[in-house]
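S.K.: These are the residues of each chain, in order.
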Amino acid sequence: MEELANIPWKLIWPLIGIQLILIVVALVDLFRNRNVKGPLFLWILIIVFINIIGPVIYFLFGRRQS
Amino acid sequence: MNGFNVLLKKEWREYSRNYKLIWIPLVFILFGVIEPLTNRYLPEIMEKVGNLPEGAEFPWPEFTGQDVFISLMSQYQMIGLLIIILGFMGAISAERKNGTASLLYVRPLSFTSYFMSKWITINVIVLGSVWVGFGSSWYYIWALFGKVPVQDVMVFLAVYSLWIVFVTSIVLALSASFSTGVTAALGIVLTIIGSVLDSVIGQFWTITPWKLPNYAALMLTKGADRTDFWLTVVLTALLIGILVIAGILMSKRNASKATV
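Just so you know, the protein sequences line up as chains X and G, in that order.
Residue numbers 629 to 694, in the numbering used here, belong to the letters of the first sequence in order.
Residue numbers 12 to 271, in the numbering used here, belong to the letters of the second sequence in order.
FYI, nobody ran anything at the bench for these hints, they're computed from the structure.
Wrong hints could be hidden among the right ones.
[What the hints assert, rightly or not] Quick list of simulated restraints, FRET-style, between CB atoms: (1) G/W216 / X/I672: 34 to 40 Å; (2) G/K233 / X/N663: 36 to 42 Å; (3) G/W216 / X/R692: 39 to 45 Å; (4) X/V656 / G/A248: 39 to 45 Å.
Where is the CB? At the ideal position from N, CA and C, for every residue including glycine.
Working from the sequences, and respecting the hints, build out all of it.
M.R.: Following this line, the structure appears as C-alpha cells:
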C-alpha cells in the first residue's frame with residue numbers, strides 16, 4: 629500500500645482524465661454516427677481497450693466522411 | 012469578404028461537428044504529459060515490472076528539462092505529423108468526392124477565400140494543439156525535472172510553429188491537387204520521411220525548411236548559427252507562400268472534377 633502512496637497521483641490523474649474524455653468522445657461519436665467502416669463492436673473494443681491511440685485510430689480511420 | 016466569413020464559419024462548424032476540435036488538442040496534451048512522466052519514472056517502472064534479473068542495473072541518462080522538451084518534439088515529429096496529415100488529408104479532396112464541393116462551387120465563390128478559410132482554420136487547430144501540448148508538457152517538466160525558462164520555450168515554439176505551418180500548407184496544397192490517398196502518401200513522404208532523410212544526409216546543406224525542428228531544438232540548448240537560421244526562415248516563408256498560391260490555383264483547376 630505504501631507504494632501506491634508514492635505514486636505522484638496529482639500528475640497521473642490528468643493523464644487518466646484525458647484518456648477517459650477521449651474514450652467518451654469517441655464512443656459518443658460512434659453511437660451518433662454509426663456510419664463506420666467495419667463492425668461497430670470491433671470499434672468499441674478498439675476505442676476502449678487500445679491505450680492512448682485507440683480513439684485516435686477510430687477518429688482517423690473509423691469514421692466515414694460524409 | 013462576406014463570403015470568406017461564411018466559409019470560415021462553415022469550416023469551424025465542420026471541425027467541431029466531427030470532434031477534431033476536441034480530440035486533436037487532447038492527443039497532443041496526452042503525449043505532452045506522457046513524455047516527461049515516462050522519462051522520469053521509467054527506471055522505477057523497469058525495476059518493478061520489467062522482469063529484470065536480480066542485481067541488474069538499468070542505466071538511464073540524467074535528463075534536463077530541455078532534453079525532455081526535445082524528446083517530446085521528436086515524438087510530435089512522428090505521431091503529431093501523422094495526425095496532422097491523416098486528419099486533414101481530405102480537407103479539399105474529400106469535399107470534391109462526397110458532393111459538398113458541388114454545393115459550394117455552384118455559388119459565386121472566390122477560390123482564394125475557399126482555400127484561405129481552410130488554411131486558417133486548420134492552422135488555428137493544429138498550432139493551438141501543438142502549443143497546449145508543449146504547454147502542459149512544460150508544466151510537467153517543471154514539476155519533475157526543473158524549470159525551462161519561458162523565453163526559451165517561446166522562441167522554440169515560434170520556430171517550431173513555422174515548421175508546422177509549412178506542414179499544413181503542404182497537406183492542403185496536396186489535398187487541392189490530388190485525391191485523398193495520394194495526399195496522404197505524398198504528405199508522409201514530404202514531411203516525415205523528408206525530415207528523416209534530411210537528418211541522415213542533410214549535413215551538406217544548412218538551409219532547408221526540414222532543418223527547422225533542428226533549429227528549434229538548438230534554440231533551446233545553445234543557439235543556432237544566426238545567418239543560416241534566418242535564411243531558413245525566409246526560405247520557409249517563401250515556400251509557404253508558393254504552396255498557398257499553388258493550392259488556390261489547383262483547387263480552382265480541379266473544381267470541374269467534383270462529383271455531383
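S.K.: Does each hint fit the structure? Answer for all of them.
M.R.: Hint check results:
About 49 Å separates the C-beta atoms of G/W216 and X/I672, a value inconsistent with the hinted range of 34 to 40 Å. Restraint check, G/K233 to X/N663: a C-beta distance of roughly 52 Å breaks the suggested window 36 to 42 Å. In this structure the hint that G/W216 and X/R692 lie 39 to 45 Å apart at CB holds, the actual value being about 43 Å. The supplied range of 39 to 45 Å is met by X/V656 and G/A248, whose beta-carbon atoms lie about 40 Å from each other.
Hint compliance for this structure: hints 1 and 2 are not met, and every other hint is.
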